[in-house]
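**Q** Order-wise, the sequence lines are chains A and B.
Under the working numbering, the first sequence has 150 at position 150, and the numbering climbs by one with no breaks.
Under the working numbering, the second sequence has 206 at position 206, and the numbering climbs by one with no breaks.
I should point out that these hints are in silico values taken from the structure, not numbers from a laboratory.
Treat the hints with care, as some may be off.
Simulated crosslink set (EDC-like; lysine to aspartate or glutamate; CA at most 20 Å straight-line) [what the hints assert, rightly or not]:
#, chain 1, residue 1, chain 2, residue 2
1, A, Lys139, A, Glu57
2, B, Lys245, B, Glu206
3, B, Lys245, B, Asp321
4, A, Lys139, B, Asp321
5, B, Lys311, B, Asp137
6, B, Lys311, A, Asp409
7, A, Lys139, B, Glu132
8, B, Lys311, B, Glu206
9, B, Lys245, B, Glu320
The model shown is predicted, which means the values in this text are computed figures rather than measured ones.
Each chain, written out:
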Amino acid sequence: MSASATGLRSWLTTTDHKRIGLLYFWTAFVFFLVGGLEALVIRAQLAGPNGTLVSAEAFNQLFTMHATTMVFLALMPLTAAFFNYIVPLQIGARDVAFPRLNAFSYWVFLLGGLFMNASFLFGAAPDGGWFGYANLTSKQYSPGLNIDFWLLGLQILGIASLAAGFNFIVTILNLRAPGLKMMRLPVFTWMVLVTQFLIITAFPVITVALVLLMFDRFFGTSFYLPAGGGNPVLWQHLFWIFGHPEVYILILPAMGIVSEVLPTFSRKPLFGYTVVVYSGVLIGFMGWGVWSHHMFSVGLGPIADSFFAATTLLIAIPTGVKIFNWIATLWGGQIRFAAAMKFALGFIAMFIIGGLSGVSHAAPPADLQQTDTYYVVAHIHYVLFGGTVFGLFAGMYYWWPKMTGRLLDERLGNWHFWLTFIGMNLAFFPMHFIGLLGMPRRIYTYGPELGVSTMNLVSTIGAFLIGIAALIFVYNMWRTRRHGAVAGDDPWGGATLEWSISSPPPPHNFDVIPTVASRLPRWSATQLKAIPEGAETAAPVHVPAGSWWPLIAASSLPIMATGAIGRMLPVVLAGVAILIVGIYRWAYEPFEA
Amino acid sequence: MPRRHKRWLTTLLLSVTGCAGPFPQTTLAPKSDFGIAIDQLFTNIFWWAVAVFVVVEGLLLYAIIRFRARPGAPPPKATHGHTALEIGWTLAPAVILVFIAVPTIQTIFRTSGQAPDGAMQVEVIGHQWWWEFRYPDLGVVTANELHLPVGRPVALAMTSADVIHSYWAPGLGGKRDVILGRTSRLAFTADSIGTYYGQCAEFCGESHANMRLRVVVDSASAFDAWVAREQAGPAPIAPGSVEEKGRAVFARSACIACHTMEDVPAARAVIGPNLTHVGARSMIGSEMVENRPDHLAQWIANSAAMKPGSKMPPMVLPPEDLTALVAYLRSRQ
Numbered sequence: 001m002s003a004s005a006t007g008l009r010s011w012l013t014t015t016d017h018k019r020i021g022l023l024y025f026w027t028a029f030v031f032f033l034v035g036g037l038e039a040l041v042i043r044a045q046l047a048g049p050n051g052t053l054v055s056a057e058a059f060n061q062l063f064t065m066h067a068t069t070m071v072f073l074a075l076m077p078l079t080a081a082f083f084n085y086i087v088p089l090q091i092g093a094r095d096v097a098f099p100r101l102n103a104f105s106y107w108v109f110l111l112g113g114l115f116m117n118a119s120f121l122f123g124a125a126p127d128g129g130w131f132g133y134a135n136l137t138s139k140q141y142s143p144g145l146n147i148d149f150w151l152l153g154l155q156i157l158g159i160a161s162l163a164a165g166f167n168f169i170v171t172i173l174n175l176r177a178p179g180l181k182m183m184r185l186p187v188f189t190w191m192v193l194v195t196q197f198l199i200i201t202a203f204p205v206i207t208v209a210l211v212l213l214m215f216d217r218f219f220g221t222s223f224y225l226p227a228g229g230g231n232p233v234l235w236q237h238l239f240w241i242f243g244h245p246e247v248y249i250l251i252l253p254a255m256g257i258v259s260e261v262l263p264t265f266s267r268k269p270l271f272g273y274t275v276v277v278y279s280g281v282l283i284g285f286m287g288w289g290v291w292s293h294h295m296f297s298v299g300l301g302p303i304a305d306s307f308f309a310a311t312t313l314l315i316a317i318p319t320g321v322k323i324f325n326w327i328a329t330l331w332g333g334q335i336r337f338a339a340a341m342k343f344a345l346g347f348i349a350m351f352i353i354g355g356l357s358g359v360s361h362a363a364p365p366a367d368l369q370q371t372d373t374y375y376v377v378a379h380i381h382y383v384l385f386g387g388t389v390f391g392l393f394a395g396m397y398y399w400w401p402k403m404t405g406r407l408l409d410e411r412l413g414n415w416h417f418w419l420t421f422i423g424m425n426l427a428f429f430p431m432h433f434i435g436l437l438g439m440p441r442r443i444y445t446y447g448p449e450l451g452v453s454t455m456n457l458v459s460t461i462g463a464f465l466i467g468i469a470a471l472i473f474v475y476n477m478w479r480t481r482r483h484g485a486v487a488g489d490d491p492w493g494g495a496t497l498e499w500s501i502s503s504p505p506p507p508h509n510f511d512v513i514p515t516v517a518s519r520l521p522r523w524s525a526t527q528l529k530a531i532p533e534g535a536e537t538a539a540p541v542h543v544p545a546g547s548w549w550p551l552i553a554a555s556s557l558p559i560m561a562t563g564a565i566g567r568m569l570p571v572v573l574a575g576v577a578i579l580i581v582g583i584y585r586w587a588y589e590p591f592e593a
Numbered sequence: 001m002p003r004r005h006k007r008w009l010t011t012l013l014l015s016v017t018g019c020a021g022p023f024p025q026t027t028l029a030p031k032s033d034f035g036i037a038i039d040q041l042f043t044n045i046f047w048w049a050v051a052v053f054v055v056v057e058g059l060l061l062y063a064i065i066r067f068r069a070r071p072g073a074p075p076p077k078a079t080h081g082h083t084a085l086e087i088g089w090t091l092a093p094a095v096i097l098v099f100i101a102v103p104t105i106q107t108i109f110r111t112s113g114q115a116p117d118g119a120m121q122v123e124v125i126g127h128q129w130w131w132e133f134r135y136p137d138l139g140v141v142t143a144n145e146l147h148l149p150v151g152r153p154v155a156l157a158m159t160s161a162d163v164i165h166s167y168w169a170p171g172l173g174g175k176r177d178v179i180l181g182r183t184s185r186l187a188f189t190a191d192s193i194g195t196y197y198g199q200c201a202e203f204c205g206e207s208h209a210n211m212r213l214r215v216v217v218d219s220a221s222a223f224d225a226w227v228a229r230e231q232a233g234p235a236p237i238a239p240g241s242v243e244e245k246g247r248a249v250f251a252r253s254a255c256i257a258c259h260t261m262e263d264v265p266a267a268r269a270v271i272g273p274n275l276t277h278v279g280a281r282s283m284i285g286s287e288m289v290e291n292r293p294d295h296l297a298q299w300i301a302n303s304a305a306m307k308p309g310s311k312m313p314p315m316v317l318p319p320e321d322l323t324a325l326v327a328y329l330r331s332r333q
């Protein structure tokens with residue numbers, strides 16, 4: 001079967017990083033819309049006091065699934081879509097190091113996401129918060145299937161992230177084109193590398209935490225239960241040892257995207273490349289030493305509080321350095337305001353606000369008033385929406401032409417940007433005040449006497465503006481699919497390798513693997529040539545055939561999880577058998593199909 | 001000074017909200033040493049943040065406007081970095097952070113829950129979804145309504161009977177989680193008489209939103225009067241009265257499986273709130289609705305209809321029994 005084949009079969013068996021990237025993109029984008037709809041129902045319920053749109057039970061499921069979906073099913077996989085599509089192109093590779101493992105990661109992600117959301121069909125969507133604090137998640141206080149869906153679904157999704165993490169580390173370290181030294185890597189690829197190291201070190205921690213929870217719920221152990229000698233605070237430590245690096249897993253790729261878009265649209269190299277890269281690496285390391293700042297209200301004692309306050313404040317330094325370098329990149333440039341650039345600039349502007357509010361709850365005493373209130377909801381949305389989502393939109397406008405061969409419409413992009421920008425500030429800025437005025441988060445109702453009704457209404461209006469903006473973006477993607485301007489190889493005048501090949505690239509990416517002599521190969525005096533002088537003429541490049549085994553192996557995981565949910569051991573064993581057969585056949589699959 | 005800043009912040013708030021409050025759960029008008037220490041720290045950080053915001057967003061905005069592409073302009077000069085600048089903007093945030101970190105750590109130690117000797121001890125126990133307050137030195141047990149004397153240090157020793165909750169009355173300072181198998185502490189001195197509202201801040205299940213509380217800070221004499229009333233035995237009941245009938249209903253119903261009621265010998269359970277003085281409380285259902293006969297009757301008949309997930313099972317009682325029971329509960333002053 002040729003890699004340029006079309007049809008369902010070719011997609012189910014594909015091992016092409018570009019197709020897998022598109023699969024990640026569309027799947028994650030649908031989950032992004034689902035998570036957004038959940039947010040709109042939440043905001044509709046809170047538009048006024050004593051809301052009655054949904055029950056307390058449904059509300060708790062909605063906010064749990066909104067966060068779980070956005071973190072694990074939308075933002076992480078949207079960044080993964082760019083890892084897949086762009087990283088091999090930026091490093092001059094023909095594919096990732098392990099193409100079938102890459103397909104496996106995608107299928108595990110898709111099936112894990114579907115498994116998690118299947119809980120809605122049983123009226124048992126997870127309802128313990130995305131942070132799932134013990135001992136509320138114990139069998140005693142959450143007897144339903146809700147938490148089982150959550151902990152099994154997250155374990156499945158963790159496998160997808162881990163497999164992809166190892167794959168991309170090996171890819172970036174080993175498949176770089178000749179001359180592409182580490183300190184010549186595009187910043188996006190650098191941030192992807194840091195992110196993957198965070199993933200392979202953070203996900204084992206949440207996996208352990210989830211396995212212990214699974215033992216507590218399925219087999220009657222007491223890891224988190226004081227009555228049996230366990231400790232619910234243990235869960236919080238494990239969860240946040242994962243959870244804080246997870247925040248950087250979400251933001252570093254967006255910082256990488258912005259570091260690509262700003263130079264291209266200012267026509268200037270990134271200011272302080274080395275410092276920006278090292279800052280990103282430093283943020284990755286420091287992200288491991290701050291987890292207890294999510295736990296100041298537990299009362300860990302003044303020594304622990306002081307330590308975690310200090311480490312948390314320190315992170316402001318490399319973050320600030322990055323922001324200054326981005327602004328210096330703009331300085332003296334020729335800024336073109338394409339939609340990609342607007343979102344990148346919006347990222348900086350909004351991320352500053354999120355960073356500053358973060359400093360205020362890095363101080364434990366202030367955090368005692370702010371944590372678990374809407375002030376923190378405002379903070380995380382300035383970081384993860386104003387930051388990560390803006391960065392992702394910048395990446396979509398920037399790389400869409402590379403991925404599809406057509407430009408997204410700039411006029412619609414302008415509407416999309418401004419509605420999103422205004423909507424997010426209307427939605428999230430008042431939340432600072434709502435929180436400081438005493439409204440806790442995760443409450444399905446509040447009384448008019450709190451005095452925050454008007455601000456909540458404003459916030460709801462902003463959320464719906466974001467929803468309208470998202471519809472405009474969907475329309476833009478749909479319309480330009482046939483009618484968009486043809487992109488050509490390099491619509492923006494980019495500096496990096498992905499712009500040296502056709503849009504979309506051929507299945508084998510590069511006819512001849514390029515040799516790189518500088519950090520900005522396409523901007524350097526020694527311009528990169530598509531085919532260097534004297535290179536052998538491109539022979540037909542071998543492209544590996546597709547494989548069914550990644551999909552088959554991946555399908556074993558939701559089967560096992562379904563068996564566990566239904567307490568059906570034979571189903572679990574059937575899943576195990578499929579996994580063993582799948583991996584065995586995969587391992588011995590002939591190279592040529 | 002913080003006070004002046006506060007007025008500024010309040011003005012800003014009012015103009016943003018278009019409404020005059022009174023914001024019963026605001027964190028910005030603290031009435032205790034604990035709350036004021038936090039507020040001073042936050043005010044300090046707030047102004048640093050405003051300054052950084054203005055400078056950095058200003059630079060960004062200036063760059064965006066000043067360096068927009070103009071047709072025919074020469075290509076920009078490719079600058080790759082500047083060591084002195086890099087050192088400068090690494091040091092600048094570091095210096096600011098020192099100005100934040102020092103008062104932060106000082107405040108951490110000032111607010112670490114250590115109460116002075118002679119502080120009034122109160123045990124706080126979080127339940128799904130109500131608050132129990134016990135005064136071990138006074139022999140008083142109540143629910144959802146914490147009474148404190150003004151100007152006297154208070155030490156809260158807090159735990160949970162089930163899942164994690166978080167005790168929070170913003171007007172009197174920050175929150176602290178309450179966790180099964182663990183004692184967490186808060187210490188503060190309320191400086192103004194008044195009623196302060198709060199609620200559980202840690203997601204604790206279905207009716208997390210309905211786990212509210214109030215703190216009544218009284219003058220020393222009013223507080224002592226309240227203690228004396230709570231310490232006094234149950235209010236007497238006239239023989240043959242409707243209250244007496246209500247007590248009989250209480251004694252033979254499922255009520256006694258969960259509640260303590262001093263004048264019903266069989267009712268010594270501690271699963272639900274102590275009802276010995278329930279009639280004196282202003283609200284029921286952990287501050288959900290006013291303590292009125294009709295609300296009490298609805299609550300007893302089907303509490304989950306008022307409070308989703310309520311652990312109190314519905315009570316099916318003949319109407320006249322229900323009326324008597326309500327009258328009895330109302331008389332428990």
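**Q** Please write out, lowest number first, the hints stated earlier that are contradicted by the structure.
**A** Going through the list in order, the structure violates hints 2, 4, 5, 6, 7 and respects the others.
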